[in-house]
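*Asks:* Below, each chain spelled out in residue letters.
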Amino acid sequence: MRRLDALVHYLILTALSVVCLLPVIVLALTAFKTERQIFDTSWSWFFMPTMDNFRAVIEDGHIDRYLKNSLVISIAATAITLLFGTMCAYALARFRFLGRGTLSYGTLVLRTLPPAVLAVPVFVIWSTWGINDTLSGVILVYVALNLPFTIWLLYGFIEQVPEELEEAAAIDGCGPFRVFWVVILPLLKPGLAAAAIFTFRLAWNEFILSFILTNRHTRTLPASISNYITDTGVEWGKIMAAGVLIALPPLVFTFVAAKQIITGLTAGAVKG
Amino acid sequence: MISARISRAVPYVYIAPAVLVMAAGLLWPIAKAAQLSFYDWGMGTPWETARWTGTEAFVAMLGSPQVWTSLAVTLAFVVLAVAAEMCLGVALALFLERPVRGMRVFRTIFVLPMMIAPICVGLIWRYLFDASYGPINHLTGLFGIAPRSWLAAPETAFLAMVVTDIWQWTPFVFIMALAALQGMDTAVTEAARIDGASTWQTIFLVKLPIIKPILIVTLLMRMIDGFRGLEVIYVMTFGGPGQATDLFSLHIYKAAFVSQKLGVASALSILLLAIVTLLSLAVLLAANPLRRRESD
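If you're matching them up, the sequences are chains F and H in order. Using the numbering used here, the first residue of the first sequence is number 1, and each one after it goes up by one. Using the numbering used here, the first residue of the second sequence is number 1, and each one after it goes up by one.
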């Protein structure tokens, strides 16, 4: 009876995994198909894979440029968000100061700000500031969007570091900034990993703001997708090849750091 | 406390960079949206040509059938998709709660749909639902069902959007509910069992009430996402056919960058901001990370 139970358990889990994975597999397979195979009315699992789509998006599509833009933006946004976010979370968790309440409640509410709300005003403001169509303009909006979540996630981690540890370091002659770098930072690694993944994910995946704020030189990978959707239809082979390139880093992250991702996802409600 | 020993300026040095960035990238744009909603102004024209219109944009917004349709579509989408995700996710978590070997691998797989770009999700499902070569038509064909243009008819396009969201986000509810159940004190369920509670009684009278706060937060977070999302549907249908899948966030985008009505788009932004902020405050009421710590 117990073994039957376990069997049913695994059968359901496997079925669910198939449902989760199948659409992603379809994306990957289609990217390796020729135009003719894609437009075939019947779906085929086995075919001679071709690299033509990838070659096309790299050679004619300037995808190498978009890839570079995406990498620069995502890495810079992640690094800056983590630095500023940790500093701010540390101050919120450790100091009592005027404006602390406003700041902490402000970040909690800003956490859910819809990107669509930002689209129009950011486009207008960035134009007047002259940072439209620049990588730094996109980085700025991504850092701003990510900070509330990062601050709030790291706040929970810093709270759990015993204050005695810092006091001991202070008595040993560590200044406040050294206490932060030498004592606190190393203890925050799991929180920082989760924050880094979520920030990178947003910066790497984000489409609408990047699409509005960049031109063909500064375009990111997701925004370049629109190049393959025309009035006459979708260039499926190429768009799926670009899609695979976009999906790849998050896929790698998921398999390498699933634990940190789940920490980040559940941090808000479950414990913390 | 350490803070007594150092200068009062220290906390402000720590918060300054984050506060400046959030002010420039979030607060200032929100203020700008509020300002723009009172003007009639064309993008690319000098600001001096902007015309003060007062509350005209808000009146136009509330009087526009398209806006109400978009709100209704979004609400129907949120209710349907989130209800399905909550039921499915919680049911699965209750059923699969017992820790088994290899659960980590499965959890990793379940996280995938949430991690890949929404734009990719939109692409994948647009292809799956495609009328002439989509795998879904191929699949239904095996059962003798005639192929359909799923995304070209209003009802099926709306359902396709719901199905896509269920695929992407049910794992989130599952993971949240599972974490809640596994964080529960086993003594409670043990006590219920000894008192002779049936499996169903244990679920409805013990487990669900205990994990309720977490489920409420999960529910609200999903609802907020429903109002925030536009990228999946941007690629899948761009809101069509007609307004069948015209989610509110996408509606704002189209008002601004397709119809070029900045005033109305800004007024819509303010409305969206109000809706999401209300839901967000509800999350704080249900689970406030600040207050909880201070009462510990």
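Incorrect hints may have been included.
[Stated by the list, open to error] What follows is a list of derived Cβ distance ranges for each label pair:
hint: 1; chain 1: F; residue 1: 226; chain 2: H; residue 2: 54; range: 35 to 41 Å
hint: 2; chain 1: H; residue 1: 43; chain 2: F; residue 2: 22; range: 41 to 47 Å
hint: 3; chain 1: H; residue 1: 260; chain 2: F; residue 2: 72; range: 52 to 58 Å
hint: 4; chain 1: H; residue 1: 278; chain 2: F; residue 2: 229; range: 44 to 50 Å
hint: 5; chain 1: H; residue 1: 144; chain 2: F; residue 2: 4; range: 46 to 52 Å
Since the hints were derived computationally from the structure, they do not count as laboratory data. Ideal Cβ placement from N, Cα and C applies to all residues, glycine included.
*Asks:* Taking the hints in turn, state whether each one holds.
*Replies:* For each hint, the structure was consulted:
{"no.": "1", "hint": "F/226 <-> H/54: 35 to 41 Å", "result": "holds, 36 Å"}
{"no.": "2", "hint": "H/43 <-> F/22: 41 to 47 Å", "result": "holds, 42 Å"}
{"no.": "3", "hint": "H/260 <-> F/72: 52 to 58 Å", "result": "violated, 31 Å"}
{"no.": "4", "hint": "H/278 <-> F/229: 44 to 50 Å", "result": "violated, 35 Å"}
{"no.": "5", "hint": "H/144 <-> F/4: 46 to 52 Å", "result": "violated, 34 Å"}
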